[in-house]
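Chain by chain, the residues:
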Amino acid sequence: GAVVSQHPSWVICKSGTSVKIECRSLDFQATTMFWYRQFPKQSLMLMATSNEGSKATYEQGVEKDKFLINHASLTLSTLTVTSAHPEDSSFYICSAQTGTSTDTQYFGPGTRLTVL
Amino acid sequence: QKEVEQDPGPLSVPEGAIVSLNCTYSNSAFQYFMWYRQYSRKGPELLMYTYSSGNKEDGRFTAQVDKSSKYISLFIRDSQPSDSATYLCAMSGGGGGNKLTFGTGTQLKVEL
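Sequence lines, in order, name chains A and B.
Note that the working numbering has the first sequence beginning at 1, numbered continuously upward.
Note that the working numbering has the second sequence beginning at 1, numbered continuously upward.
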C-alpha cells in the first residue's frame, strides 16, 4: 500500500520551455501533497505544500509564478516548471500524505529534469 | 546552525556489521521522527516512523529517539550490500505542522 507514482521519470527540455510533472497516489487519497527538489548529494528541500482544491503554499524563496502547482483531485497533483532554465535542472520529488498531519509522507520515485 | 544535523559520511562497513546512524536536532517541539532510505536517483522510502521518545524495532532495523538529548538513531543489524544507500532522518511537529525537516543524509556503503 501507500504507493506514489511520478511521470515522467526523466525529461530533457530546451531553455524557455515549460515542463509538467505529475504526481499520483495510486492506492490512497492524498489530502496533502508536497513538492521537493534535490540537488546532487544534498538533502530534499521543500518547495511547496498543496491541499486538494486550494492554492499551494510556497516556501520562502520559491517563485510561485515559475513553479505552478495544481492539486485538482485527491490522487493527482501537478508541478509545472514554466520557462525553464538550466539552473532549474534538478531532481523533483513529490510526496503524499493521507489524512491527518500526524500521518507520514510517502514519496514518489522522482523526476529528473535537465534543461539544456 | 541547521535545525537537523546529520553526518553526511560516507560510511563504509563490512557485510554483517552493525551500523549506527544518528541525527541531532535543535527544535525541542519536534514530535514525529522518521528514517528514510534513498537509493541513487530514486525517491526516499520510509523505513521507520516513531512518535516521541523510545525505541522501535522492525526486522533488522531499530530506531531510537531520545528527546531529552534531541538525538535520534537508526541501527541496522547484519548489514547487507543491499543496504548501501543514503539514509535520511526527518522530523515534524514543532509548529511546522506536517512539514518534514530533513537531515542532509548519510551515505552508507556495505562492502562484501
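Treat the hints loosely; a few may be bogus.
Here are some, though not all, of the chain A residues that point toward chain B, as calculated from beta-carbon distances under 8 Å [to be verified]: (1) S18; (2) Q29; (3) S43; (4) P86; (5) S89; (6) I93; (7) Q105; (8) G110; (9) R112; (10) L116.
When the alpha-carbon atoms are kept at most 25 Å apart in a straight line, the in silico DSS-like pairs for lysine-lysine are as follows [stated by the list, open to error]: (11) B:K42 to B:K99; (12) B:K56 to A:K20; (13) B:K2 to A:K41; (14) B:K56 to B:K99; (15) A:K64 to B:K99; (16) A:K41 to B:K109; (17) A:K14 to B:K99; (18) A:K55 to B:K99; (19) B:K56 to A:K41; (20) B:K42 to B:K109; (21) B:K99 to B:K2; (22) A:K41 to B:K99; (23) B:K109 to B:K67; (24) B:K109 to B:K56; (25) A:K20 to B:K42; (26) B:K42 to B:K70; (27) A:K66 to B:K67.
By construction, these hints were calculated from the structure, which means they are not laboratory data.
Glycine is no exception: its CB is placed at the ideal position from the N, C-alpha and C atoms.
Practice task
If any of the earlier hints don't hold here, list their numbers in rising order.
Solution key: 1, 2, 4, 5, 10, 12, 17, 19, 23, 26, 27
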